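Visitor: Sequence:
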Amino acid sequence: MSRQKIHAQVIRIGNPPFCLKSYRQCRGCFGWRNMIRAARSKAAWQDRPIKCLLTGLTLKIGGIPEDTDLITGGNTDAIQLKSRGFHKPGTIEETIDLLVKYQRDACLIAGGTDILPRHQGDGNRLTAGHLIDISGLGLDYIQNTDAGIHIGAATRINDLISSPVFSSEPYGVLAEAARVHSTHTIRNRATIGGNLCNASPCADLALPLLALDAYLVILGPNGKHLIDLESFFQGPNCTILEPDQMMQEILIPFTNHLALSGFLKLGRHQTKIDTAIVNVATRLSFKENDCIDARIVIGSAGPMVFRAKKAEALIKTGILDDDAINLAAGTAMQEASPLDDIRASAAYRKEMVAELVKESLKIIMKRSLS
Numbered sequence: 002m003s004r005q006k007i008h009a010q011v012i013r014i015g016n017p018p019f020c021l022k023s024y025r026q027c028r029g030c031f032g033w034r035n036m037i038r039a040a041r042s043k044a045a046w047q048d049r050p051i052k053c054l055l056t057g058l059t060l061k062i063g064g065i066p067e068d069t070d071l072i073t074g075g076n077t078d079a080i081q082l083k084s085r086g087f088h089k090p091g092t093i094e095e096t097i098d099l100l101v102k103y104q105r106d107a108c109l110i111a112g113g114t115d116i117l118p119r120h121q122g123d124g125n126r127l128t129a130g131h132l133i134d135i136s137g138l139g140l141d142y143i144q145n146t147d148a149g150i151h152i153g154a155a156t157r158i159n160d161l162i163s164s165p166v167f168s169s170e171p172y173g174v175l176a177e178a179a180r181v182h183s184t185h186t187i188r189n190r191a192t193i194g195g196n197l198c199n200a201s202p203c204a205d206l207a208l209p210l211l212a213l214d215a216y217l218v219i220l221g222p223n224g225k226h227l228i229d230l231e232s233f234f235q236g237p238n239c240t241i242l243e244p245d246q247m248m249q250e251i252l253i254p255f256t257n258h259l260a261l262s263g264f265l266k267l268g269r270h271q272t273k274i275d276t277a278i279v280n281v282a283t284r285l286s287f288k289e290n291d292c293i294d295a296r297i298v299i300g301s302a303g304p305m306v307f308r309a310k311k312a313e314a315l316i317k318t319g320i321l322d323d324d325a326i327n328l329a330a331g332t333a334m335q336e337a338s339p340l341d342d343i344r345a346s347a348a349y350r351k352e353m354v355a356e357l358v359k360e361s362l363k364i365i366m367k368r369s370l371s
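Using the numbering used here, the first residue of the sequence shown is number 2, and each one after it goes up by one.
Just so you know, the hints here were simulated from the structure itself, not pulled from any lab data. Because the structure is a prediction, the values reported are computed rather than measured. Where hints are given, some of them may not hold.
[Said to hold, decoys possible] Taking lysine to aspartate or glutamate pairs in the EDC-like style, the calculated list, with each CA pair at most 20 Å apart, reads:
| id | residue 1 | residue 2 |
| --- | --- | --- |
| 1 | Lys317 | Asp342 |
| 2 | Lys310 | Asp214 |
| 3 | Lys311 | Glu231 |
| 4 | Lys89 | Asp141 |
| 5 | Lys317 | Glu170 |
| 6 | Lys363 | Glu289 |
| 7 | Lys310 | Glu352 |
| 8 | Lys288 | Glu170 |
| 9 | Lys359 | Asp291 |
| 10 | Lys311 | Glu336 |
| 11 | Lys367 | Glu243 |
| 12 | Lys89 | Asp245 |
| 13 | Lys310 | Asp291 |
| 14 | Lys367 | Asp324 |
| 15 | Lys311 | Asp294 |
| 16 | Lys359 | Asp323 |
| 17 | Lys288 | Glu336 |
| 18 | Lys310 | Glu289 |
| 19 | Lys359 | Glu336 |
| 20 | Lys310 | Glu356 |
| 21 | Lys351 | Asp291 |
| 22 | Lys225 | Asp98 |
Can you make the complete structure from the sequences, with help from the hints?
Guide: Structure (structure tokens):
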């Protein structure tokens, strides 16, 4: 039975397919509207376990406080979480003031596609008391300047796919990753800033941005500062952002050399729009026939997205050939430190790291020769 039919059956019997571990899989094929309808069903609010028919996992979702509800936003189809305070500031300055005031009791929301699993604590009580909607701050833009490519933090993922900025090398790798991020419906709501701030070890957009040496512009009460994306991630769902800070934009610097890039993602299903078992982004810079710089970025194979720097060093030593690729792939596998989970074992993930790195590098090698 297909996932769509399974979840249709779940709705008919009144049990929503909500569980913390299968949430991203469920939403990918199911869509927000039906999930909202399921969550509002009578069965969803009963104090008893609910089983997800896709994974077999259960989650007791009863006991939700009276001041919490699942609602559709006024002019959006995304899920919002009704909490003690909902704020929609008109300027960045107002947003920073709210963050300073509420600190860890505040949560920024733009697309809202990850807020449900991120802010459910024990007993499914919200851990964020105040939601701050930044969708109206004008942070949805893609601009070319002398400094590089600027992407507003609230830019929708589908906008990355349609933008001509990401239609050519080496920047097209970001559009490649965006296409397999999720369903079209999710991509119309999800934002690039949210995908990064979620700090998932398998965040699709983090990989190509790391491969492109992206920087982040961070705003806070003490002004703005620039940080490299690699230092932004501190662990699973953990970043260096302070409670009174927010991301304004992503900056991708231009490269001075011929560069080729690619993105590969291994999922449980052929659609490749679910959470990755392993994903890999690569970027190689060439001078004549020699590889002079390399980025090999791996996701879903450690506590956070990471660069396989030992493998990179093996690639950027000269001519790219099969021997160098095989050696780099094996080294990347050794650098990975995945865990067992519902999608795959750690051993399988390590093997797939080597295969995806090898395949990605071979694709770039063929393109460089042409």
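Visitor: Are the hints correct? Go through all of them and say.
Guide: Structure-based check of all given hints:
no.: 1; hint: Lys317 with Asp342; in the structure: violated, 34 Å
no.: 2; hint: Lys310 with Asp214; in the structure: holds, 13 Å
no.: 3; hint: Lys311 with Glu231; in the structure: holds, 16 Å
no.: 4; hint: Lys89 with Asp141; in the structure: holds, 16 Å
no.: 5; hint: Lys317 with Glu170; in the structure: holds, 19 Å
no.: 6; hint: Lys363 with Glu289; in the structure: holds, 18 Å
no.: 7; hint: Lys310 with Glu352; in the structure: holds, 18 Å
no.: 8; hint: Lys288 with Glu170; in the structure: holds, 15 Å
no.: 9; hint: Lys359 with Asp291; in the structure: holds, 18 Å
no.: 10; hint: Lys311 with Glu336; in the structure: holds, 8 Å
no.: 11; hint: Lys367 with Glu243; in the structure: violated, 44 Å
no.: 12; hint: Lys89 with Asp245; in the structure: holds, 16 Å
no.: 13; hint: Lys310 with Asp291; in the structure: holds, 18 Å
no.: 14; hint: Lys367 with Asp324; in the structure: holds, 14 Å
no.: 15; hint: Lys311 with Asp294; in the structure: holds, 13 Å
no.: 16; hint: Lys359 with Asp323; in the structure: holds, 9 Å
no.: 17; hint: Lys288 with Glu336; in the structure: violated, 27 Å
no.: 18; hint: Lys310 with Glu289; in the structure: violated, 23 Å
no.: 19; hint: Lys359 with Glu336; in the structure: holds, 14 Å
no.: 20; hint: Lys310 with Glu356; in the structure: holds, 17 Å
no.: 21; hint: Lys351 with Asp291; in the structure: violated, 29 Å
no.: 22; hint: Lys225 with Asp98; in the structure: holds, 14 Å
The structure fails hints 1, 11, 17, 18 and 21 (numbered hints given earlier, in ascending order).
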